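**Q** Here's the letter readout for the chains.
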Amino acid sequence: MTILYFIDIVGTMVFAISGALAGRDKKLDFFGIAAVGLITAIGGGTMRDILLGSTPVGWMKDLIYLAMIGSGILISLLFGKAVLKLRRTFFMFDTVGIAVFTVLGLQKALTIGVHPVIAIMMGMVSAVFGGVIRDIVCNEIPLIFRKEIYALTCLCGGILYVVLQRMGLEQGWNILTTVLFIASFRILAVKFKWQLPDIS
Amino acid sequence: MTILYFIDIVGTMVFAISGALAGRDKKLDFFGIAAVGLITAIGGGTMRDILLGSTPVGWMKDLIYLAMIGSGILISLLFGKAVLKLRRTFFMFDTVGIAVFTVLGLQKALTIGVHPVIAIMMGMVSAVFGGVIRDIVCNEIPLIFRKEIYALTCLCGGILYVVLQRMGLEQGWNILTTVLFIASFRILAVKFKWQLPDIS
Amino acid sequence: MTILYFIDIVGTMVFAISGALAGRDKKLDFFGIAAVGLITAIGGGTMRDILLGSTPVGWMKDLIYLAMIGSGILISLLFGKAVLKLRRTFFMFDTVGIAVFTVLGLQKALTIGVHPVIAIMMGMVSAVFGGVIRDIVCNEIPLIFRKEIYALTCLCGGILYVVLQRMGLEQGWNILTTVLFIASFRILAVKFKWQLPDIS
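Protein chains in written order, with this note's numbering: chain A, 26 to 225; chain B, 26 to 225; chain C, 26 to 225.
Since the hints were derived computationally from the structure, they do not count as laboratory data.
Be aware that one or more of the hints could be misleading.
As the list makes no split between identical chains, a pair holds if one copy fits it or if it spans any two.
Here are the simulated DSS-like cross-link-like pairs (lysine-lysine), alpha carbons at most 30 Å apart as the crow flies [to be verified]:
#: 1; residue 1: Lys52; residue 2: Lys133
#: 2; residue 1: Lys51; residue 2: Lys216
#: 3; residue 1: Lys218; residue 2: Lys51
#: 4; residue 1: Lys133; residue 2: Lys86
#: 5; residue 1: Lys216; residue 2: Lys106
Computed from a predicted structure; not experimentally measured.
Start from the sequences and build out the full structure, keeping to the hints where you can.
**A** See the structure below:
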């Protein structure tokens, strides 16, 4: 699981950078930028842990998360504009991060013993809730992709994971398949501008 | 308690419908509508359970709640305008639902062992918090009634329940009395446009 | 610890008054004013307890907190304008209250067994989160001081406490030193209008 852990902490840093950059865009002061970066990075996992009752919440148990978030905020402050030029690289990390967050969140929920349907929802919450809070706090509409596809992708990935698990696929292969599925789906969705139909 | 359980799950669906319709009014996309419906339906009970530390939160333990919420969202999407014509019917379900949510929330808090004063507050939170979040998310002012009367009604109903319990009233009769009290009070408040005095 | 407990409950009342007055300024009705007063007073401790998993959250276990909050709201409603003339007195209570909230929050987190770095964050959250929610709910910018200095002060105070504890300082003296440090730092920051540099 070392590779999952690695992606998890790098993904956390990428989330912190995306939050801190959003705070910069809003011309917040230092404390505001750090707060938005922190909230974006920990929001999803924190919400999942609070709902499941897994407390103290996850990031409190391993200081590496705070260290990565602090680094992410520092990077955004020091190299703000340069980081934006790496948007494509970040998009890849962000995408793989989301996929990994979904799988890890789902696994945590299953461990606690909730029904798989709830676990799938908790996987999605882990992946998307940080970004939702970031957008609420910064009052902005996500630019590069529509959020519902983003959330739906995590939902479908979670369903795939549970189905494959039921079919007896070995956990390592299941994680790999699910992460690849979520990441590719999201890349395709952004590339071809997939959208859900407008119903209202 | 079968009748309470029945009102509880139907009330949950009615809350989901009210949330989903509010999301439609705001011209949200499919995911937004579903999210507002879900939040409205589970918001109150989730807040109560988190504050009391009763986790995993209630709706995770019985999938019937998610099923009813899903149905409510579907109904809102398929029959949106037709549902609005049934507003009076929904108002009745909503009113009885609020009364039942108050009593069930209060009972749950008492079971956990908090002081009755806290339990009365948790009953109110169970009943009104979902609607509060819905209004915050949708940025709208409730139309048919003023919220403070709504919350005050649940507070008075909770006090009545605790007093009657102390006086030795049998639980079944106590629930019936309290639910009728809250529901009638609310209907009268809406009908005669009762308002709290403006102090500020 | 009687003096700490006394400052804690008086500080809670001062927070409730500051919230209720903010609600009055926004011309909220009675229920709104009471809600903002309550949220401001309990917001920080509630967030800390939820994140740490110390539930039912703190103010549910000792009714004196609700009683003080109720008194604070009543005072704001009855003597609204007169209270404003005592702003200097309140500022002192508020400042000492924040310092005490920081230390008590930090101690509670340490008791639960999280890493000191996390405990320092939880001390800050205890002290500042109520005010943050009040400002979000009331949509206003704090007047007399910039928030980041406020939060940074609590952070530095928390670090001081942990360092002195490690150096073997007796707990009573440590609390006294930390509270005096936080309170003086805040008074100086407001008096001389200290600000963090603007980075964005």
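**Q** Each hint: holds or not?
**A** Cross-check of the supplied hints:
Taking CA atoms no more than 30 Å apart as the test, Lys52 paired with Lys133 passes in neither setting, with 37 Å inside one copy and 35 Å between copies. For the homomeric pair Lys51 and Lys216, the shortest alpha-carbon distances inside one copy (27 Å) and between copies (28 Å) are both at most 30 Å. For a Cα distance limit of 30 Å, the shortest separation of Lys218 from Lys51 qualifies both inside one copy, at 26 Å, and across copies, at 23 Å. With identical chains, the CA atoms of Lys133 and Lys86 are at most 30 Å apart both within one copy (14 Å) and between copies (16 Å).
When the C-alpha separation of Lys216 and Lys106 is checked against a cutoff of 30 Å, the pair qualifies only within one copy, where the shortest distance is 24 Å, while the shortest distance between copies is 36 Å.
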